[in-house]
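K.L.:
First to last, the sequence lines map onto chains X and V.
Using the numbering used here, the first residue of the first sequence is number 33, and each one after it goes up by one.
Using the numbering used here, the first residue of the second sequence is number 24, and each one after it goes up by one.
Heads up, some of the hints might be wrong.
[Said to hold, decoys possible] Which residues of chain V face chain X? A partial, calculated answer using Cβ under 10 Å:
no.	residue
1	P72
2	P76
3	A77
4	N78
5	A80
6	V172
7	R248
8	S249
9	E258
10	A260
11	A261
12	V265
Since the hints were derived computationally from the structure, they do not count as laboratory data.
In this text, all values refer to a predicted model and were calculated from it rather than measured experimentally.
Quick reminder that beta carbons are idealized off the backbone N, C-alpha and C, glycines included.
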Amino acid sequence: MCYESLPPPLPYEGRGASTVSPVALPGSTSRGRHHEQRSSPSKLPSLRRGGAGGEVPALTIETVEYRYEAGFRLGPISLIVRPGEMVALLGPNGSGKSTLFKLVAGALKPAGGSVRLGATLIRALSRRELARRLAVVAQDITVPFNFTVAEVVSFGRTAYAPLLSGLTSIDRLAIERALALTDTTRFADRHFGTLSGGERQRALLAMALAQEPEVLLLDEPTAHLDIHYQVEMLDLLQQLHAGGKLTVCVTLHDLNLASLYFPRLILMAAGQVVADGAADDVLRPEVLGPVFHRRLTLLRHPTRGVPLVAPEPGNRGDGQV
Amino acid sequence: MSRPAVVFPLLLIALVACLLFGVGLGAVFLPPGRLLAIVAQQLGWWRGPVTWPANEAVILFQVRLPRVVAGALVGAALATAGTLLQGLLRNPLADPYLIGVSSGAGLGATVAALLSPVAAGVAGFGLTSILAFAGGLVTVTAVYRLARVGGTVPVTTLLLAGFAVSSLLVAAMTLMLTISGQLALRIRELFAWLMGGISVVGWTQLAVVAPVLLIGLCLAWTFARSLNAFALGEEGAAYVGVDVERQKLLIVALGTLLTGIAVTLSGLVGFVGLVVPHAMRMLLGPNHRILLPAAALGGACFLVLADLGARTVLAPVELPVGVVTAILGVPFFLYLLQRSKRPHVL
Numbered sequence: 033m034c035y036e037s038l039p040p041p042l043p044y045e046g047r048g049a050s051t052v053s054p055v056a057l058p059g060s061t062s063r064g065r066h067h068e069q070r071s072s073p074s075k076l077p078s079l080r081r082g083g084a085g086g087e088v089p090a091l092t093i094e095t096v097e098y099r100y101e102a103g104f105r106l107g108p109i110s111l112i113v114r115p116g117e118m119v120a121l122l123g124p125n126g127s128g129k130s131t132l133f134k135l136v137a138g139a140l141k142p143a144g145g146s147v148r149l150g151a152t153l154i155r156a157l158s159r160r161e162l163a164r165r166l167a168v169v170a171q172d173i174t175v176p177f178n179f180t181v182a183e184v185v186s187f188g189r190t191a192y193a194p195l196l197s198g199l200t201s202i203d204r205l206a207i208e209r210a211l212a213l214t215d216t217t218r219f220a221d222r223h224f225g226t227l228s229g230g231e232r233q234r235a236l237l238a239m240a241l242a243q244e245p246e247v248l249l250l251d252e253p254t255a256h257l258d259i260h261y262q263v264e265m266l267d268l269l270q271q272l273h274a275g276g277k278l279t280v281c282v283t284l285h286d287l288n289l290a291s292l293y294f295p296r297l298i299l300m301a302a303g304q305v306v307a308d309g310a311a312d313d314v315l316r317p318e319v320l321g322p323v324f325h326r327r328l329t330l331l332r333h334p335t336r337g338v339p340l341v342a343p344e345p346g347n348r349g350d351g352q353v
Numbered sequence: 024m025s026r027p028a029v030v031f032p033l034l035l036i037a038l039v040a041c042l043l044f045g046v047g048l049g050a051v052f053l054p055p056g057r058l059l060a061i062v063a064q065q066l067g068w069w070r071g072p073v074t075w076p077a078n079e080a081v082i083l084f085q086v087r088l089p090r091v092v093a094g095a096l097v098g099a100a101l102a103t104a105g106t107l108l109q110g111l112l113r114n115p116l117a118d119p120y121l122i123g124v125s126s127g128a129g130l131g132a133t134v135a136a137l138l139s140p141v142a143a144g145v146a147g148f149g150l151t152s153i154l155a156f157a158g159g160l161v162t163v164t165a166v167y168r169l170a171r172v173g174g175t176v177p178v179t180t181l182l183l184a185g186f187a188v189s190s191l192l193v194a195a196m197t198l199m200l201t202i203s204g205q206l207a208l209r210i211r212e213l214f215a216w217l218m219g220g221i222s223v224v225g226w227t228q229l230a231v232v233a234p235v236l237l238i239g240l241c242l243a244w245t246f247a248r249s250l251n252a253f254a255l256g257e258e259g260a261a262y263v264g265v266d267v268e269r270q271k272l273l274i275v276a277l278g279t280l281l282t283g284i285a286v287t288l289s290g291l292v293g294f295v296g297l298v299v300p301h302a303m304r305m306l307l308g309p310n311h312r313i314l315l316p317a318a319a320l321g322g323a324c325f326l327v328l329a330d331l332g333a334r335t336v337l338a339p340v341e342l343p344v345g346v347v348t349a350i351l352g353v354p355f356f357l358y359l360l361q362r363s364k365r366p367h368v369l
């Protein structure tokens, strides 16, 4: 039932601005350091107006920059994510998507520019204030000792706890709700360490939901999962997102899952955003080729109509299909 | 009934029993009835004839009671500090000694023995305690800074840095002992201090230390939810709202202070900070809101019993209490390890 909310596939040649979310990329263009293609900025609304008229964006990334010691630099990047959007951040290893993710999550401080959550600069928020509004499912979380799933989910209420008190009835309600939403209630009393990869990921999602966030960030939520759990996880995200105001941003390696589930894809390469829009705008041979340096063939999903990407074995391609 | 609801009353009963044993047993046996009578008489409630030798009141109030109270406080402090560090570092092998409290305190005590011409300085609450306390604090601070890699303090790095710095300090201590004639005269005293012992505690020391330790134990409990969140790792803890750097600093500082203060009363008693939290975690699970008070109670029981063993087993020879904690603790620890069916999740 969730697929109906996906945009209809565009004609394959269609190369205009996204049907889903027109997005500003002024940072990457004003300094003239952007990749040659895409990011047609002239058509896009200005940052100040925050995308749609009057609406405060869920996330506003404004000329954010970051530098690593090794010389890798990210940005400047500017993006707007509207409330209730579902966005996948794509890109090869080392493209900077994890860095951008951490900048938005507040785990890294930008060297320049700013990130806003709603109308508030995230650097002006304490970790505690931030955790009540923005939840993160990080990658490769392990939990030592024999904590139960319910206990791990209760960690999501840390930001709501007064200094001395235990879990309040409000906390317990939020935890029960998060367990129910992620269908993890039945193993609430199991030890977290005994869960399978898919169950673990759902339990961590439950922990994030217990934070009752406006924005949910997930770093590679399908990593190390088999196809059953990948689909289960993304179905779950789509259900959570459906109808609500929850804004969901994920980083993803799997271009096909991104195409199937996310109305908006943002493709990064070498620390820059190189494409931003619907799957039909981003998953194009002339876009993907230079980014992934592989010969990729584009297909159509037979029932959903969205583009899918198939690699061509053995060839180090130049991006031609 | 939930497990904590059963275990906590049992721990409290055990603590009372341990205190009674600790106060009653020794070269002179004081049965519980006699204990009550002496206390009542001291408080002015007992009007009847005094049927016991006068020295028994002195034994009780001047010798046994301060010692037992000190043992309970030190045990609670060491176990709590161990729980704090194990939770923070997500590692059941961590304890404040491992990151340098013991070697720093040992070196401090050695320096004190070198500086102070007064023999009582080694075991009393004087220069030794102060320098041991300072030595522990300074060492942990140094280890903590050395272990920092790119903004984080990885567990292995912290333990390796602790081990390296400790080795250096132990070498410095050995060097001092080797070349100083003055220290050579006092090597037995110093050695006894290094192995731990609660023999010379008086009320004056307790009056200073007890309130501080009790406040520290209560403060530790306020970190329970942060410690739980630290199970997610530092990044994960930050994402659920923990001010990681600040909390980490406060937790290490509190753990170090509790241990450092405990050391001023007891010398270097080993194994309590390691075995008690682990045992309690196996009994009650890892939730720090339950684990911290349980470890404090368990640590108090354990050290009171160990101290009782230290002064009675080979009486009149008194064993270093650190020897007894190991002899009592290791088999119990191994038993728990064997008994638990699941492999331990580090």
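K.L.:
Run every hint past the structure and note whether it holds.
P.N.:
Tested hints:
At about 50 Å, the closest approach between the beta carbon of P72/V and any beta carbon in chain X exceeds 10 Å, and the interface hint on this residue is violated. For the restraint placing P76/V at the interface with chain X, the shortest Cβ-Cβ distance is roughly 48 Å, beyond the 10 Å limit, so the hint is violated. Annotation: A77/V was flagged as interfacial toward chain X, and the flag is violated, the nearest CB pair being 47 Å apart, outside 10 Å. A distance limit of 10 Å between C-beta atoms decides the matter here; for N78/V the minimum to chain X is near 46 Å, and the interface restraint is violated.
With 10 Å as the threshold, the beta carbon of A80/V stays out of range of chain X, its nearest partner Cβ sitting at about 41 Å, so the hint is violated. Because the smallest distance between the Cβ of V172/V and any Cβ of chain X comes to about 13 Å, over 10 Å, the interface hint for this residue is violated. This hint holds: R248/V has a C-beta 5 Å from the nearest C-beta of chain X, less than the 10 Å allowed. Taking 10 Å as the C-beta contact cut-off toward chain X, the hint placing S249/V at the interface holds, the least distance being around 7 Å.
For E258/V, the interface hint holds, the least distance from its beta-carbon to any beta-carbon of chain X being 6 Å, beneath 10 Å. The interface hint given for A260/V is met, as the beta carbon of that residue sits about 8 Å from the closest beta carbon of chain X, less than 10 Å. For A261/V, the interface hint holds, since its Cβ comes within 10 Å of a Cβ in chain X; the closest pair sits about 6 Å apart. Satisfaction of the interface hint for V265/V is found here, the shortest Cβ-Cβ separation to chain X being roughly 6 Å, below the 10 Å cut-off.
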